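Q: Sequence:
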Amino acid sequence: MPPATALLFCLALAACGDVPKVNAPTPAPGPEPTIAPIDALISLAPAPGSMQSVDPDGLVPRADALRARAEALRVPVADPATRAPIATP
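Numbering (the numbering used here), first residue to last: -14 to 74.
By construction, these hints were calculated from the structure, which means they are not laboratory data. The structure presented is a predicted model; accordingly, all values stated were derived computationally and were not measured. We put the beta carbon where it would ideally sit given N, CA and C, even for glycine. Fair warning: there could be bad hints in the mix.
Said to hold, decoys possible - Listed next, with one range per pair, are the computed distances between beta-carbon atoms: (1) Pro14 - Arg52: 50 to 58 Å; (2) Arg54 - Pro31: 32 to 40 Å; (3) Val45 - Ile71: 50 to 58 Å; (4) Phe(-6) - Pro14: 53 to 61 Å; (5) Leu29 - Val60: 38 to 46 Å; (6) Ala48 - Asp24: 33 to 41 Å; (7) Leu51 - Ala30: 48 to 56 Å; (8) Leu51 - Pro31: 42 to 50 Å; (9) Pro(-12) - Pro70: 54 to 62 Å; (10) Ala21 - Leu44: 29 to 37 Å; (11) Ser38 - Asn8: 49 to 57 Å; (12) Ala50 - Pro70: 53 to 61 Å; (13) Pro(-13) - Val45: 55 to 63 Å.
Construct all of the structure, not just a fragment, from the sequences and the given hints.
A: So, in structure tokens, the structure goes:
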């Protein structure tokens, strides 16, 4: 039996089954969310230009090292004289 026919047979067989009913409990109703006034949210934000970028995990030097390593790996593996005989036209 070809694989496509077997797959179609399995899909047709699976379609014959009933979908089980899931009786999940409904969540208890809670308080409705309230919308905060935008002025209060803006007053909590820091002033523009007052934030300093901090690199607590030292990711910048690590990223620079990875970029340097990637640049070093970009050199050709074989020199042009070696690649010429195997190059496709």
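Q: Does each hint hold? Answer for all of them.
A: Against the structure, the hints come out as follows:
Taking 50 to 58 Å as the suggested C-beta distance range, the pair Pro14 and Arg52 conforms, at roughly 53 Å. Between Arg54 and Pro31 the beta carbon distance is about 36 Å. The supplied range of 32 to 40 Å therefore holds. Under the hint 50 to 58 Å, the C-beta atoms of Val45 and Ile71, about 41 Å apart, miss the expected range. Take Phe(-6) and Pro14: their Cβ atoms lie about 47 Å apart, and the range 53 to 61 Å is violated.
Judged by the Cβ atoms, the range 38 to 46 Å given for Leu29 and Val60 is violated: they are separated by roughly 52 Å. Between Ala48 and Asp24, the C-beta spacing of about 39 Å keeps the proposed range 33 to 41 Å intact. Hint check: Leu51 to Ala30, Cβ distance near 33 Å, so the stated range 48 to 56 Å is violated. Distance hint check for Leu51 and Pro31: the Cβ-Cβ separation is about 31 Å, which falls outside the suggested range of 42 to 50 Å.
For the hinted restraint 54 to 62 Å between Pro(-12) and Pro70, the CB-CB distance of approximately 41 Å leaves it violated. Checking the proposed 29 to 37 Å range against Ala21 and Leu44 shows it holds: the Cβ atoms sit about 33 Å from each other. For Ser38 and Asn8, the hinted distance range of 49 to 57 Å is satisfied, since their beta carbons lie about 51 Å from each other. About 37 Å separates the C-beta atoms of Ala50 and Pro70, a value inconsistent with the hinted range of 53 to 61 Å.
About 56 Å separates the C-beta atoms of Pro(-13) and Val45, a value consistent with the hinted range of 55 to 63 Å.
Violated hints for the displayed structure, listed by number in ascending order: 3, 4, 5, 7, 8, 9 and 12.
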